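Q: Construct the entire structure; sequences and hints are all you get.
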Amino acid sequence: MKFSFNWLKEHLDTKKSEQQIVDALNKIGLEVESVHPTKNELSDFIVGKIIKTEKHPNADRLKVCDVDIGDQNILKVVCGASNAQDGLLTIYAPPGSIIPKNNMKLEVSKIRGVTSYGMLCSEAELNISDESQGIISLSEKYKKMIGKNYFTFNKENIIELSITPNRPDCLGVRGIARDLAAAGIGKIKPFKNKKLKQNNKKLTVVINKTKNQSCSIFGSCLITNIKNQESPKWLKERLISIGLRPISAVVDITNFIMLDLNRPLHAYDLDKINKRIIVRESKKNETLNALDNKKYNLSDGMCVISDENGPLGLGGIIGGTTSSTEMDTKNILIESAYFDPSITRKTSNILNLNSDAKYRFERGIDPNSIETGLQKAAEMITKICGGEVSKFQITKTKKIPQKEIKLENNFPEKVLGININVKEIINILEKLGFRCKKNTNTITTKIPSWRPDISGKIDLVEEIIRIKGLERIKSIEPKKIRSNQTLNNEQKHFHLTQRSIAAKGYLEAITWSFTNEKINNYFLNSGKTNRLINPISSDLGVLRSSIFSNLIEKVRENIDRGEENISLFEIGPVFEGKNPGEQVITACGISAGYALRPNWNEKGRFLDLFDVKRDLLHTLYELGTDKDKITIETSNLPDYYHPGKSGNISFTNNPSNSFASFGELHPNIINQLNIKTNSLVGFELNLDKYIKLKEKIKKTKISYEFSEYQKSERDFAFIVDKNIQAQELLNLIKNVDLTLIKDISVFDLYDGENIPNEKKSLAFKVVIQSDEKALTDNDINTLSKKIITTVEDKTGSKLRS
Amino acid sequence: MSEIEKIKSEYIEKLNNCTNPDNLNQIKTELFGKNGAITNQFKFIGSKSENDKKKFASQINDLKNLLQEKLDQVSKKIEIDEINKKLETEQVDVTLPERTFRKGKIHPVSQVIDEICSIFSEVGFSVAEGPDVENEYNNFTALNTPPNHPARDMHDTFYLSDDKNLLLRTHTSPVQIRTMLKGKPPFKIIAPGRTYRCDSDQTHTPMFHQLEGLHIDKDINMGHLKGCLNYFIKEFFEVKKLKMRFRPSHFPFTEPSVEVDIGYDLKDGEIVIGEGNKWLEILGCGMVHPNVLINSKVDPSKYQGFAFGIGIDRLAMLKYGIKDLRSFFECNYKWLNHYGFDPIDVPTNYRGLSR
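Protein chains in written order, with the numbering used here: chain A, 1 to 801; chain B, 802 to 1156.
Keep in mind the hints are simulated off the structure, nothing from the lab. Nothing here was measured: the structure is a model prediction, and the numbers come from that model. Just to be clear, a hint being listed does not mean it is correct.
[What the hints assert, rightly or not] Residues from chain B that face chain A, not an exhaustive set, calculated with beta carbons under 8 Å:
(1) C999
(2) G1028
(3) Y1104
(4) Q1105
[Unchecked claim] A few chain B residues facing chain A, derived, Cβ under 8 Å:
(5) N821
(6) K886
(7) S922
(8) V928
(9) D963
(10) H1051
We put the beta carbon where it would ideally sit given N, CA and C, even for glycine.
A: Structure, rendered in structure tokens:
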């Protein structure tokens, strides 16, 4: 909503300064977005001073002038005037300005090889006089004005407000004035109606009473024998100042009244209306050529203003071209009506059509402003265009009820925490146009017809404190008491996982929850595709099924930016379906490049799956997972990993329910996405599933016990089938004696010379120690034999001799 | 000179001149070996008369101890000399780079969320959550924004179904509804999370982060709201003084609705929060609208309270001097490294929020 201070002052009698008014507007909830001076065709020209002139190198009659245009800016301007000389105060026209004399737009240009930044002007060029000899010479008193506008007349500031959707009454200047008056910024000026001479001419208006009829009041008046013309200067300037294009007096006046009083009007060319006005619901396949030069296909149930031939306009939204007024229009019908906010909005949404009228009707127009609108329009049109006015004809199908709200005297205090006495409450409300009646413990208030937003007593509290001032509310310090835990179990896990992964060298990324469908398909793993109806762009069209789809893209972007070693992770939702709650918190890490860059000291090594396996497992350990209670599985692997270099993790007691995976990303994906790296590995942890499956961690730790007896180490190397996994052997060995075997590690894997083709050699170091006694050689040998026979019997492997 | 004296002077001299371990071992053998000088002397004890025996034995013992001690001293000295000699050859260029150490970082948005949770934890708020995909009812209707309400224009909503029933939440406010429907008053929660609007330019990203706050009890009024926000903003920006102002505004789900500005100043191009004559809009809040309470099965004649919503990304930008919102989500490796936080830097209220 834009208006000038002068416009405001036509409704508001105030001596307050512009700044005070701006502050007051902000204070009462009419947020000031900007205050800026109006622009007109003369606002570009500023006072400048020639510092130095030099002869143009390529032209005898031209000079190159250094011109001071204020703020220590000196520009070079080429000038042909004989009076251009050092020290001359004159008027400078910058590039972009339009010279009034010839409507020429200035540009930075080369004049005979020298660049000129703008122009120095003669009086004739600025239409000040006919004097075209030489540039303007200003007196010394303009010295102070260097850099400032030369033309100071007719300049005023425009205020732009951001009006919240609940305040349609402030979409007109008078409504804003009313609010300001209530806040103590002056007095609202009384509204004066001129007496009109009204004749009995009439055009029939019918409102069809149907279920979805948007129009409940249709006011009209005929003005005949007018002489439509250009609007007077003041009206044109007023419209231009807020960015509207003047069209003709009739149209400009209807626009002006809309902006001034928030009363949308529409003017029809009476001679183009066939017989009568019918306000009805549209039929399917009807069309409207609207004033925005677009053709709209209407569906059923939209509110149209029509005549015997068909739609003339969409009620409350836009007029049509068939009945539009032109400069030569002689007779007009002015419409001033009430349209239902919700139906108006629905129609405009379907047609994707926005207009100033629609913006107002969908927020709620004062149903009691119909006659005022007609009166004001008739006054202005007859004044400017002449003509005769008919009696106002108001067709009504519904009575708009008077809303009433009862406010308990102590209710404002209950909400606001400060006491406001009844007298003050009534005073504020009445200034805003409410009519109040004091009862014993309550106040009965009648709501003004221009306030559709007020529907309950809480709304009155807002009005009261808005005008009284929110600064009056006393701050109550919060008490430092905590009766509930801040984070629940899931949130604690989230927090810990996040920091645990970051502590392993990964940078945390945050990427969109949506992603590119093509990339997402690689990570769908037979899940569902969940498309957005209106994505921001076609390559962000689906909800992500895995965080990999975004991270892999980010890895590629970083590689293309020249990064070589990348470790990124993200923890956040992935989506299994389109319904609320069909999402899981997942942590996903991805790494590319070297595990160890070759350097002066060590040989380099590329990342492999055992690097991510380490990161994932240690994160799980840090989350409190018992090392001995999880199992690595290689069945049902997600298909986006290398099938031979990836694994799932599950709890040993629930092996088919894996909650995490790790491995090398599938070479085909790397290839198709053209990711230029030597190694790309990653992991995923379904945190929600993990938490659900995980046993609760006990607060008390098992008591710490250690053995004082000698420990021994024994090495075993087995030749086993290639497809037998290390995990299986480790479990077998461990279970040979759970008390004596304290630790097992794999220290060698070999499959080359001296080993049969489909076999491999796996070597284990086993730590043996008793908690009760010093083991004898015999004890250890017995155990060793047991280990060997167990492994050999269960796996068909052989101890390597 | 007795034999003992002779041995003594000979070996003291030998030991004094001894500088290498081989030589030392040689001397050791010469003295204490099977046929060593001392060993041999002990053999003579038996041949001495009963009178001399004791004296002789004690003399040998003394000699043995003396030489042993001397030998140990020399041995230590040789070892030290050896080490010192070795050190001279062990000069490494310590200015060569250290071994690589991979350090991860926490995203500034995550860090700020943790800071916020820590601050609100102090005054008894718990963290609540809701799904990113919401239904139209929780996101709009229950929040007093019925279909065809113009306030829906302020939200450019991403939809997931043609009937516009499923959508990506446009704010964290539906968490209010979910929290209240699930439990019984009083409610005292904050809900940080991802929010989505179909908007993308210099200052808008299609996904961003919001923090919702809700405090409902029997007597929570606007004074509590003011106090709570004043506390939070002061703690968050780690300032002692704060200029804060409430401006009336409109949100369908609160009444009265308020926008909150904080005072700031520009010092050397940096924003200094708390003082100065400039105002910065930082959040929206208000008293929860009775209709919202009714829709959440809370009796508005018994309970009332406040709610607020803050842009988390913007808080992070303000506090840590990050200029471009879009950069948060670009995942530029160098950016993440630069603006990210050390994972051990967990915001706590006893150690402080930031370093």
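Q: Compare the structure with each hint and give your call.
A: Against the structure, the hints come out as follows:
Among the interface hints, the one on C999/B holds; its C-beta lies about 6 Å from the nearest C-beta in chain A, closer than the 8 Å criterion. Hint on G1028/B holds. Least Cβ distance to chain A is approximately 4 Å, under the 8 Å limit. Interface restraint check for Y1104/B: the shortest CB-CB distance to chain A comes to about 12 Å, outside 8 Å, so the restraint is violated. With 8 Å as the threshold, the beta carbon of Q1105/B comes within range of chain A, its nearest partner Cβ sitting at about 7 Å, so the hint holds.
The beta carbon of N821/B is not positioned within 8 Å of any beta carbon in chain A (closest approach about 34 Å), and the interface hint is therefore violated. For K886/B, the interface hint is violated, the least distance from its beta-carbon to any beta-carbon of chain A being 26 Å, above 8 Å. With its C-beta approaching chain A no nearer than about 4 Å, S922/B sits inside the 8 Å limit, and its interface hint holds. Annotation: interface hint on V928/B holds; nearest CB of chain A at approximately 6 Å, less than 8 Å.
A least Cβ separation of about 6 Å between D963/B and chain A falls short of the 8 Å threshold, and the interface hint therefore holds. The beta carbon of H1051/B is positioned within 8 Å of a beta carbon in chain A (closest approach about 3 Å), and the interface hint is therefore held.
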